[in-house]
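A.B. asks: Take a look at the letters that make up each chain.
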Amino acid sequence: MKTVRLIYQKTGRAKYISHLDLNRLMQRVLKRTGLPVWYTEGFNPHAFVTFALPLSLGYESRYDCMDFRILNDDLNNDQMLQALRRALPPDIQALEVIDPVLKAKELAFAAFMLYLLCDTETAARLSAFLQSEHILVEKRSKKKEVTTIDIRSKIRQLEITPTEDGLQIRLLLPAGPAENINPALLLDAAEKNGCVFDVRSIVREMLYDKNMNIFR
Amino acid sequence: MTELQLHKLLKGVQKPGRYTGGELNSVVKNKDEVDVRFAFCFPDTYEIGMSHLGMKILYALLNDMDGVWCERVFAPWVDMEQNLRREGMGVYALESLDDIAQFDIIGFTLQYELCYTNMLHMLDLSGIPLYSKDRHSLHNLVVAGGPCTCNAEPFADFVDVAFLGEGEEQMVQFVQLYKEYKANGADKQSFLKAAAQIRGVYVPSLYTVSYHPDGTVEAVTAESGAPLPIQKYIIQDLDTAFYPKDFVVPYIEVVHDRAVEEVFRGCIRGCRFCQAGMIYRPVREKSWETVSKQAKCLCDATGYEEISLSSLSTSDYSQLEPLLNDMLEWTQKDQVNISLPSLRIDTFSPELLEKISRVRKSGLTFAPEAGSQRMRDVINKNLDEDVILQSCETAFRGGHCNVKLYFMLGLPTETLEDIEAIGQLGQKIVDRFYAMPDKPKGRGVQVSISLATFVPKPHTPFQWMAQDKLQTIRDKQRHLVESLTTRKISVSWHESQTSVLEAVFARGDRRLSKVLYRAHELGCKFDSWHECFDMHKWKQAFADCGLSIEFYANRERSYEEVLPWDHLDYGITKGFLKRENERAKAAQTTKNCREQCAGCGANRLLRGGTCFENC
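Top line first, the protein sequences correspond to chains A and E.
Each residue of the first sequence is one higher than the one before, counting from 1 in my numbering.
Each residue of the second sequence is one higher than the one before, counting from 1 in my numbering.
Just so you know, these hints were derived from the structure itself, not from any lab.
On a predicted model such as this, the values are computed, not experimentally measured, just so you know.
Glycine included, every Cβ here is placed at the ideal spot set by N, Cα and C.
Careful: at least some of the hints might be erroneous.
Now the stretches of chain E that chain A is said to cover, found in silico as 3 or more residues with beta-carbon under 8 Å [to be verified]:
hint, stretch
1, 2–14
2, 241–255
3, 302–316
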């Protein structure tokens, strides 16, 4: 038995699939592939799958990872990739099947693209706001405790590009088990600060470890 | 609709996955290359509609036709309705995201009476005139199917066509005819006259209903050579009938999230309250080889981890043993669980229990329907108390400590003793558990009693009977709860006010169309959802139309009265229903179809005219 990692994209209408629903979907995808997937042996047998990093509902992803276990060590990754491509719905595209290099806990950063719709005046205000020295936001932990953090200090990279109808923002944020920052926090803060805009889309572009190696 | 428009539309909506489509196995065609666009509407939420087998069958069937594209449409929940109104949009189909106003045929499947207002609500959101007489062109033809069309009268003024019976073959003929008439630029009226000649196609506007001064029906007359009575359509041979090779697999969790394989149609039992048991006659089985093959194909194409063997009473399937043996060959290997949703108590054996819990263990539900033996004989349940207790013990031995039991309140001839007998039966089941010498250690027993309010339905032996008044039902519910002495039995029931409305619309006449219209104007929608249901609005709608709820729900009809659905022929004869009603009053049972033919008349629909070899 070996663990393999599927790298996939989740785009288009698939962005409306929640993490919980994605989990169920992948169970069925694996079943449809006919691959010898390892099933848990409890009261409710199911394919054992783990995701590197859950994605918020409504976000697209250009690079996502799911691990599962395969009973037959001789199956090659390309065969599995072909089987998965046939079984996945159109808006989830399999990119690669690999032998995992990094462990999920080594995940450290995620790159996001935010596409916002607004007039040029708001675009200027937004750019200025995002580049201010501190941006304090309230963050809710899993235990429902509210803490205030300076989200500006968490942003590792920030590129702002004006577009025809708004702004395009590239962000590198902490991601993974140690610390996880959702770009929605930043947008909420901007909104509270009086910026009026529409979100066209939020795309998670890439996952990295602490040394900025692509998470594989 | 563009992706951006969809994104804006869904902002702040609960469960956006209800409205986005794009699921595996959904069918997308090029709309410029199809001749007929069919919007298949389920007038309730996505989660409920996507659980419905009939929709899956007809969706696949229509999309198999050349030049036809069938899409799915569900009722937008109230939050989505607000967003649609805000964006100035109508109800749209999930495949193309086009407004239903752009479709040739808009079809509704009507599974329960309380969804009628949702049909109007959906048409209205898309700006389609509600009354059939106000839609003049062949475009936006509104049709309806499903069990509720067995009395299509309450919604007869809204639909252009109601389909009676089973749709697989009739639908193909109908859509084919539509395609020809559309290509020739024909008008709606000439199409409807031609369509009325297809078996099972009921065009309400071709029939006139007259009434007596007391509000009962005087007569129904046909115009333009339309048939009278209108006979339902049935499939002769289920082995060769169309069945989907795949299902659309929803992303979000739906009510019945599993593959479904139909094993037979009709029911041999003849329970006298049960409409399905009457209107789907005669019994026709699929061979076990076909069932197993189709089930495997569905599981492979969907990846579902559960397959349900569906029918009105799956344990009555004559080939259950060879079927389960054959299916277990592949289900165990593929980690697929078999579920039998409608098990009769008396066919429940340790072997059966073992087979269905081979992969995963699911809950057990039985339906004795009535507490006392006399009451069960009245409804022809043909079930003895000993058998009920024995089956519960089998379940306990199989490791199930929770048993759920369904009962009905308000059955004809019911007395307070019959009500108390429900609690007593629950107590006997609890006692049976504790009397087991080898009962599971450290685990208690829980008997859940679920009460429904009896609704007399058309085309059943109880179609003439009065429904209990609301206060009587509430008194009976309280009486049962007060008669209980243990916390190991829990009792739950649905809101009975909705059962009153069901009784009205199940046996209503054409005059109720205006009540539906008025209720819709007053904002009634999603009436089967307690958070939306508003009885005050309904009472006002009846008052505004000068009609009475009691006339429809609480009035016993005479055998001589012309019933509003008498011109709709479902195979079973009125003579049979009368005989069965008389036997009910005398608490006499009738044998099941396999033991002895009761002469219901449905065999006339079969080529060859016999249901079972020995009859």
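A.B. asks: Now look at each hint and say whether the structure bears it out.
C.D. replies: Tested hints:
{"no.": "1", "hint": "2–14", "verdict": "holds (count 6)"}
{"no.": "2", "hint": "241–255", "verdict": "holds (count 4)"}
{"no.": "3", "hint": "302–316", "verdict": "holds (count 4)"}
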